[in-house]
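From first to last, the protein sequence lines stand for chains Z, C and L.
The opening residue of the first sequence carries number 410 in this note's numbering; numbering runs sequentially from there.
The opening residue of the second sequence carries number 4 in this note's numbering; numbering runs sequentially from there.
The opening residue of the third sequence carries number -15 in this note's numbering; numbering runs sequentially from there.
Hints may be right or wrong, so weigh each one.
[Claimed, not checked] Only pairs whose alpha carbons sit at most 30 Å apart, straight line, appear in this in silico DSSO-like list of lysine-lysine:
hint, chain 1, residue 1, chain 2, residue 2
1, C, 126, Z, 437
2, Z, 495, C, 56
3, Z, 537, Z, 616
4, Z, 419, Z, 437
5, Z, 414, Z, 612
6, Z, 414, Z, 495
7, Z, 585, Z, 540
8, Z, 522, C, 126
9, Z, 419, Z, 495
[Claimed, not checked] Cβ pair distances, simulated, as ranges:
hint, chain 1, residue 1, chain 2, residue 2, range
10, C, 28, Z, 565, 45 to 53 Å
11, C, 28, L, 159, 33 to 41 Å
12, C, 307, Z, 583, 39 to 47 Å
13, L, 164, C, 140, 33 to 41 Å
Source of the hints: derived by calculation from the structure; they are not laboratory data.
Virtual Cβ for every residue (Gly too), placed ideally from N, Cα, C.
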Amino acid sequence: MSDDKLLVVKDLTTTFATAGGDLTAVAKVSFDLERNETLGIVGESGSGKTVLSRTIMGLQPRVNTTVTGSSIIDGFEVVGASENDKRTIWGTEVAMVFQDPMTSLNPVMRIGKQIDEALRVRLGMNRKDAKARAIELLELVGIPSPAQRYNAYPGQLSGGMRQRVVIAIALACSPKLLMADEPTTGLDVTIQAQILNLLDELKERLKMSVILVTHDLGVVATRTSRIVVMYAGRIVETGTTRDVFYHHRMPYTRALLESSPKVSNKSHTRLVTIPGRPPNLLDLSPGCSFAPRCKYATGQCHSERPELRPSIEPGHAFACWNPLPVNAEATLP
Amino acid sequence: MLRYLTKRLMLLVGIVFVISVGSFYLIHLLPGNPATVILGFGATPEAKAILYKQLGLSKPIYLQYFVWLGNILHGNLGISFISQTTVSSVIRSALPIDGEIIIISQILAFAAAIPTAMRSARKPDGIVDRVLGATSFTLLSIPPYILIVVLVLFISIKLGVSATGPSAYVSFGTDWITNLESLSLPAFTLATGSFVVYYRVLRSDLIATLQEEFITMARSKGLSQRRIMWRHAFRPSSVALLGAASVNIGGLLAAGFIVQYLLQIPGLGYTLILAINSSDFLVVQGIVLTVSVLVVAVNFFFDFIINIVDPRISRE
Amino acid sequence: MSNFSLEDAALMVERPEKSEPLGLFFWICVFWVGLNIFGAIFANVLPLQNPLFGNYNAVNVGPSLHHLFGTDDLGRDILSRVVYGSRVSITVGLGAILIGYGIGAPLGMLAAYRRGRFDAILTTIMYLLLAFPAIIATIAVLSFWTPRSLFKIIVVIGIASVPLVYRVIRTATLSVATKDYVIAAKVQGATDRRILLKELLPNIAPIALSFFLIGVATIIILEGALAFLGLSVNPPTPSWGNMINEARTVLSQNVWLAFFPSLALCLFLIALNFIGDRIRSHFDVTEVKL
Ligand SMILES: Nc1ncnc2c1ncn2[C@@H]1O[C@H](COP(=O)(O)OP(=O)(O)OP(=O)(O)O)[C@@H](O)[C@H]1O
Ligand code: SF4
Ligand SMILES: [Mg+2]
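For reference, chain Z alone in the conformation it holds in the complex (with noise of 0.2 Å):
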């Protein structure tokens, strides 16, 4: 039932032992992805976008992690595999683009050497052709003038130029399923814009399924099939890009929503701003994550968590006590 799809999480949990106690930055996170299929993931900063794209892959810290449940990337098992056997699906597999450009490219490599790398190691292409196909890689991207790009160390690159760089690398040995970790944050608006659509152009040549990761719905609203909102380590909405922008039901989602840049105006760069802190992972309250920063809070939302239940649409789901009305058309974006 479940192989035709490219990606199975089920009730995975990543926690962290740190100096203050266990950290759980992802939890009980279910959900899937067809072939060829966008999905989003957005939520805060802290909410833990990073930390369960990488649990998927199997990326995650080495030491001090502890990973729970279940990650099936095109019939591999992800969680409990061996550093060994996962190095057999990444890079051919999955990949992944990352969050900051700045950091991600090894300062003391040259960037053609980069990319080469994955080839030759991968592949087991030899040195030639591995360059040859480098810089056709390079050119992919949007690079210009790729063959000289190709002797560049990162810091002669602008962060637009790197992010390129870091997408070539993700694509090298031709993914099935790549991971998109808020690939613009770091990039100026018009630059955002450019790589975006480079990865929507990208997916659909290649064949890709993509998960783009943000904390801007204005990013995922025109690009994705499929939303899941995250709020301290929880699904807490998850439906169609369209259920979750006009029928949501969470108050959380609706205050992301709110604060969200509008799509018209293109300015991806202001961060998201929700009244109130985010929640202190390490000192959670047995009821719903968001209920200190929620107007529509109950006696019932402080002790008891509020678990994933279905919407009236197919697919659509929320966790809230007191969801808002299923009309509540919105008037967003």
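Assemble chains C and L with the ligands onto chain Z, guided by the hints.
Relative to the frame of chain Z, chains C and L with the ligands by itself:
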């Protein structure tokens, strides 16, 4: 890059100037008339004349410096009043021995420090890391002159390994195997001291580098641990290692002096101590000058290498 | 690496202010250092035999109840000589580092606080001096500046350590001087003197203390080296360095003669280094490259 190198080169010239003034002034620390102290009371007028010419002693002090400097620049460091040979020839025959000891010790130190630091950094605070940490900490507190005494006691005296004890030195040209044997304990002693420094510096830098995002990126490409460690972590961290090696060179020479002295190996150190004890001050001055300039030159050279390894530095 | 992401910043803020406990071994080391200093100060009051008096009837005897550490080749009591020997090491170590701190620390703090031309000139000078290998400079000066005395040794090593102390203190002060509360104090019109003493000094104290102790250890090693080269105090005055040096000629007859001063020296160094290292990690100051 070019601008950076020019700047460093100017600094180098400045440092060499300071060193030359310092070395020059050493003679004037001697109590009384330098000529009398250096040559003793029974000196012949000819010897005195040569010394006056060498040091420009009849002139005011700042002119003396230039006379002296002019001689130095012509390779004339004066004449040893004990052996009656030129100081430069004394240095030329002793220096290669120091070079040999230091090069062997550095090869040993790097060969030990790099793999152990990598092993430690892979699991900080793990059992291997703790053992290595405690060991390196203890070694840090054992001065070279104690280590060499212990080594001589056990290896040369108790085990009776040939050609390792005092006065066993044979030149490389005469018999290279015995030569290596006779330098093995000194090289090992210096290597131990360097190993501790390199291990600690590289370990902490590797731990920091391994936290970097580009390491996670390298993992996500499906590269092996080994490759990540060598190609992605070691290269940026090696800058810290080279820096440590560069700073270490002065201490290394000094430790070499003591070890040579104890085993009567006729390198610069042994020569220096003999010269000090026999008040052969021009030899002392010549060795101090040569060694200081060499240290600075080595530092400059390391700087240059660091630049090649890490292109970020010259750009900043 | 100069860049770090928002994530790192968040991690830093969230990381609870927790420091490692000092631990039992730390206190053992403190006790040991204290004991050594006590011994050095009260050596002539303690029930020790005369370190200079040789008993020719008991030459090179091993440890016994009579002579706990045995006697040397002149029949002198090794225990007594080890205790007296600590005087030279400790005096040189402390004296020289005090000179280094007396000159280097105020200059380093002022330079980091004032910045500008003062800082630029001073720092360039110090870096020029730093390039002169300190150990070789010390050997050079001591071999010419005769006759040698304990005082001269302390002064020469002390001055040679000034640029090192300057660099450590300046770097430490710089990292504090740019903090918000210092800037706030400046804006509120606090006097320079007040800021230096009340805001900066307490904050750099841990790193200063840590480097102080490690500096003492380094200088004691150096003094030992000088003793080997015959550039430190002259026998028969015992020092750990010259005791080991004398012992090595009779190594095959009497191992104890080398063993005890070596052990005393190494244990004292381990204790000093450990205390220094712990203080640094306890206050979580990142390793300043020495
Ligand atoms: N290695 C780690 N050890 C301990 N806690 C961690 C670790 N990595 C992440 N966390 C914590 O997990 C939580 C989720 O972090 P995560 O980086 O996934 O958030 P995010 O949604 O990606 O935020 P952003 O939009 O800022 O990237 C944060 O509170 C963070 O402090
Ligand atoms: S469960 Fe309660 S607190 Fe949580 S979002 Fe719903 S109404 Fe608000
Ligand atoms: Mg993130």
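These are the hints, each one checked on the structure:
1. With a CA separation close to 29 Å, the supplied pair residue 126 of chain C and residue 437 of chain Z stays within the 30 Å bound.
2. For the hint pairing residue 495 of chain Z with residue 56 of chain C, the CA-to-CA distance comes to about 77 Å; that exceeds 30 Å, so the pair is violated.
3. A C-alpha spacing of about 27 Å is found between residue 537 of chain Z and residue 616 of chain Z, which places the hinted pair at or below 30 Å, so the restraint holds.
4. With a C-alpha separation of about 7 Å, the suggested pairing of residue 419 of chain Z with residue 437 of chain Z holds against the 30 Å cut-off.
5. For a cut-off of 30 Å, the pair hint linking residue 414 of chain Z to residue 612 of chain Z stands: about 17 Å separates their Cα positions.
6. Proximity of residue 414 of chain Z to residue 495 of chain Z is assessed by CA-CA distance (about 19 Å); at most 30 Å being required, the pair is judged to hold.
7. About 23 Å separates the Cα atoms of residue 585 of chain Z and residue 540 of chain Z, which keeps this hinted pair within 30 Å; it holds.
8. With a C-alpha separation of about 28 Å, the suggested pairing of residue 522 of chain Z with residue 126 of chain C holds against the 30 Å cut-off.
9. A threshold of 30 Å between alpha carbons decides the hint, and for residue 419 of chain Z with residue 495 of chain Z the separation of about 18 Å falls inside it, so the pair holds.
10. For residue 28 of chain C and residue 565 of chain Z, the hinted distance range of 45 to 53 Å is satisfied, since their beta carbons lie about 47 Å from each other.
11. For residue 28 of chain C and residue 159 of chain L, the hinted distance range of 33 to 41 Å is satisfied, since their beta carbons lie about 37 Å from each other.
12. In this structure the supplied range 39 to 47 Å holds for residue 307 of chain C paired with residue 583 of chain Z, their Cβ-Cβ distance being about 42 Å.
13. Taking 33 to 41 Å as the suggested C-beta distance range, the pair residue 164 of chain L and residue 140 of chain C conforms, at roughly 36 Å.
Consistency with the previously given hints fails for number 2 only.
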